[in-house]
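Chains A and B are the protein sequences, given in the same order. For the first sequence, our numbering assigns the number 1 to the initial residue and increments by one for each residue that follows. For the second sequence, our numbering assigns the number 1 to the initial residue and increments by one for each residue that follows.
I should point out that these hints are in silico values taken from the structure, not numbers from a laboratory. Since the model is a prediction, treat every value here as computed from it, not as a measurement. Check each hint, because a few of them may be wrong.
Which residues of chain A face chain B? A few of them, derived with a C-beta cut under 8 Å, are [claimed, not checked]:
#, residue
1, 109
2, 110
3, 113
4, 120
5, 123
6, 126
7, 139
8, 142
In silico DSS-like links for lysine-lysine, alpha-carbon gap of 27 Å or less [what the hints assert, rightly or not]:
#, chain 1, residue 1, chain 2, residue 2
9, B, 199, A, 136
10, B, 96, B, 117
11, B, 103, B, 199
12, B, 189, B, 210
13, B, 110, A, 136
14, B, 199, B, 117
15, A, 136, B, 210
16, B, 110, B, 96
17, B, 96, B, 210
18, B, 110, B, 199
19, B, 132, B, 110
20, A, 136, B, 132
21, B, 199, B, 210
22, B, 96, B, 132
23, B, 117, B, 103
24, B, 117, B, 132
25, B, 103, A, 136
26, A, 136, B, 96
Note that the Cβ used here is the ideal one computed from N, Cα and C, for glycine as well.
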Amino acid sequence: MTETLKQSIATYDVASHVDADQSPHRLNESRSGYLIRPKLPLNYAGLWPILAAQNASVDLIFTATDLFELQGMSGAVTGGWGLPQRVNQVFGIVTSSPMVQTRKPEPARRISLAEARRLAITALLEAEERRQDERKRESAFWAALEDEL
Amino acid sequence: MIYEFPAPEAPIRQGDIFLSIPRIDLNLSNLPVISGDEAVSDDWLRVAAASDPVTALVAMRPVWAIVITQDCDTVRVDDIALCEIDHFDVVEPSGKGAKYPTKTMSLITKHALLNLKWFYLPPDPDVGFTHKMAVDFHSVLRVSRTYLEQNIAQLRRARLNQIATEHFRERLSEYYRRYPYDEWYPLDKAEFEEYRRNKPEPIEPFPWQK
Numbered sequence: 001m002t003e004t005l006k007q008s009i010a011t012y013d014v015a016s017h018v019d020a021d022q023s024p025h026r027l028n029e030s031r032s033g034y035l036i037r038p039k040l041p042l043n044y045a046g047l048w049p050i051l052a053a054q055n056a057s058v059d060l061i062f063t064a065t066d067l068f069e070l071q072g073m074s075g076a077v078t079g080g081w082g083l084p085q086r087v088n089q090v091f092g093i094v095t096s097s098p099m100v101q102t103r104k105p106e107p108a109r110r111i112s113l114a115e116a117r118r119l120a121i122t123a124l125l126e127a128e129e130r131r132q133d134e135r136k137r138e139s140a141f142w143a144a145l146e147d148e149l
Numbered sequence: 001m002i003y004e005f006p007a008p009e010a011p012i013r014q015g016d017i018f019l020s021i022p023r024i025d026l027n028l029s030n031l032p033v034i035s036g037d038e039a040v041s042d043d044w045l046r047v048a049a050a051s052d053p054v055t056a057l058v059a060m061r062p063v064w065a066i067v068i069t070q071d072c073d074t075v076r077v078d079d080i081a082l083c084e085i086d087h088f089d090v091v092e093p094s095g096k097g098a099k100y101p102t103k104t105m106s107l108i109t110k111h112a113l114l115n116l117k118w119f120y121l122p123p124d125p126d127v128g129f130t131h132k133m134a135v136d137f138h139s140v141l142r143v144s145r146t147y148l149e150q151n152i153a154q155l156r157r158a159r160l161n162q163i164a165t166e167h168f169r170e171r172l173s174e175y176y177r178r179y180p181y182d183e184w185y186p187l188d189k190a191e192f193e194e195y196r197r198n199k200p201e202p203i204e205p206f207p208w209q210k
């Protein structure tokens, strides 16, 4: 599962990576081998001035497949999905470390279209049920208040 | 009753009643996301961090709704805000089974003053209201103004008349003007314990109530 990306350096999107301290939520469901695709648009060329401490003026084309981590001047570590190994080597990005090993992307649960539809309908019905429970609670509160008055 | 029936060319106004407004509910912790040729169930935070925009499968339910966007904005904003309308005894469950005018009168007048979260709409077959209805201020929807205007003949069924509009806008503003406050602050210790006993949520006493 690869994506070919070509982005301008002026549009580097910091939200395309994930801060190391933002642990993804775990789902209590069975897993498949599916990996989340990187956020699009994603501008890896924007990493150049950060890593090489110089201004870049060209667009680069990368395939986004790997997990990377980056330690900034402040010491903060940022991880995300993105740079292929050949680019990592150029930038000196560490792709194999304890942090990367422990922060592999969480696999989501692959589902059929029928299952997706069932989830969507269930979400709607459960929301309606919660709303009605809340209305009943509110109504009981006001009814009790009126009885007291 | 309290409704008017504006011509299709009349601009959208606060108090206009529409049918078939889409209501969408999501389970953000278990979102059916379409990714390429496959679907996955995932948590919103992870999906949002990995993709922008997100393509997901959602269920939509057509509902009645009333415009709450004020008149100045309804002619120029991209999206119109509306509040959902449902059967009165659904929005106010204590109205369920109320057969006698005494009970319904009490609900519509007295409760309407106490409980500011709904607005009563009487039945009118010309509108399509075969039951007592109510606006639920808790449920706010957002729809493209352009779409509503393009399909106004099919979607707009009525408008509140002047008297009803004045009451509606007052109730709407009261709903949004409410402030949360800890109403138990002046109770003595015994009153506070009684208050706390009747509340489902945990309530902490003020220092002078301990």
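Cross-check of the supplied hints:
1. A cut of 8 Å between beta carbons decides the hint on residue 109(A): the least distance to chain B is about 5 Å, and the hint holds.
2. Annotation: residue 110(A) was flagged as interfacial toward chain B, and the flag holds, the nearest CB pair being 5 Å apart, inside 8 Å.
3. The interface hint given for residue 113(A) is met, as the beta carbon of that residue sits about 6 Å from the closest beta carbon of chain B, less than 8 Å.
4. At its closest, the beta carbon of residue 120(A) sits 4 Å from a beta carbon of chain B; the interface hint therefore holds under the 8 Å criterion.
5. The restraint placing residue 123(A) at the interface with chain B holds, with a minimum CB-CB distance near 4 Å, inside the 8 Å limit.
6. The restraint placing residue 126(A) at the interface with chain B holds, with a minimum CB-CB distance near 7 Å, inside the 8 Å limit.
7. Checking residue 139(A) against chain B by beta carbon gives a least distance of about 4 Å; that is within 8 Å, so the hint holds.
8. Residue-level restraint check for residue 142(A) holds (minimum Cβ-Cβ distance to chain B is 5 Å; threshold 8 Å).
9. In summary, the hint linking residue 199(B) to residue 136(A) is supported, as the alpha carbons are separated by about 14 Å, within the 27 Å threshold.
10. A distance of roughly 17 Å separates the Cα atoms of residue 96(B) and residue 117(B); the hinted pair therefore holds under the 27 Å criterion.
11. For the hint linking residue 103(B) to residue 199(B), the alpha-carbon distance of about 26 Å falls within 27 Å, and the restraint holds.
12. A distance of roughly 7 Å separates the Cα atoms of residue 189(B) and residue 210(B); the hinted pair therefore holds under the 27 Å criterion.
13. For the hint linking residue 110(B) to residue 136(A), the alpha-carbon distance of about 18 Å falls within 27 Å, and the restraint holds.
14. Taking the CA atoms of residue 199(B) and residue 117(B), the gap is near 19 Å; set against the 27 Å cutoff, the hint holds.
15. Only pairs whose Cα atoms come within 27 Å are accepted, and residue 136(A) paired with residue 210(B) is rejected, the gap being roughly 32 Å.
16. Taking the CA atoms of residue 110(B) and residue 96(B), the gap is near 16 Å; set against the 27 Å cutoff, the hint holds.
17. Annotation: proposed proximity of residue 96(B) to residue 210(B) is violated, straight-line Cα distance about 40 Å (limit 27 Å).
18. With a C-alpha separation of about 22 Å, the suggested pairing of residue 110(B) with residue 199(B) holds against the 27 Å cut-off.
19. For the hint pairing residue 132(B) with residue 110(B), the CA-to-CA distance comes to about 17 Å; that is within 27 Å, so the pair holds.
20. Among the hinted pairs, residue 136(A) with residue 132(B) is consistent with the structure: their alpha-carbon atoms are about 18 Å apart, no more than 27 Å.
21. For the suggested pair residue 199(B) and residue 210(B), the alpha carbons sit about 18 Å apart, so the restraint of at most 27 Å is met.
22. This hinted pair checks out: residue 96(B) and residue 132(B) have alpha carbons roughly 11 Å apart, not beyond 27 Å.
23. For the proposed pair residue 117(B) and residue 103(B), the alpha carbon gap of about 19 Å is at most 27 Å, so the pair holds.
24. Under the criterion of a C-alpha separation no larger than 27 Å, the hint pairing residue 117(B) with residue 132(B) is consistent with the structure, at around 16 Å.
25. Between residue 103(B) and residue 136(A) the alpha-carbon distance is near 17 Å, which keeps this suggested pair within the 27 Å criterion.
26. Distance hint between residue 136(A) and residue 96(B) is fulfilled; the C-alpha atoms sit about 11 Å from each other, no more than 27 Å.
The earlier numbered hints that this structure contradicts are 15, 17.
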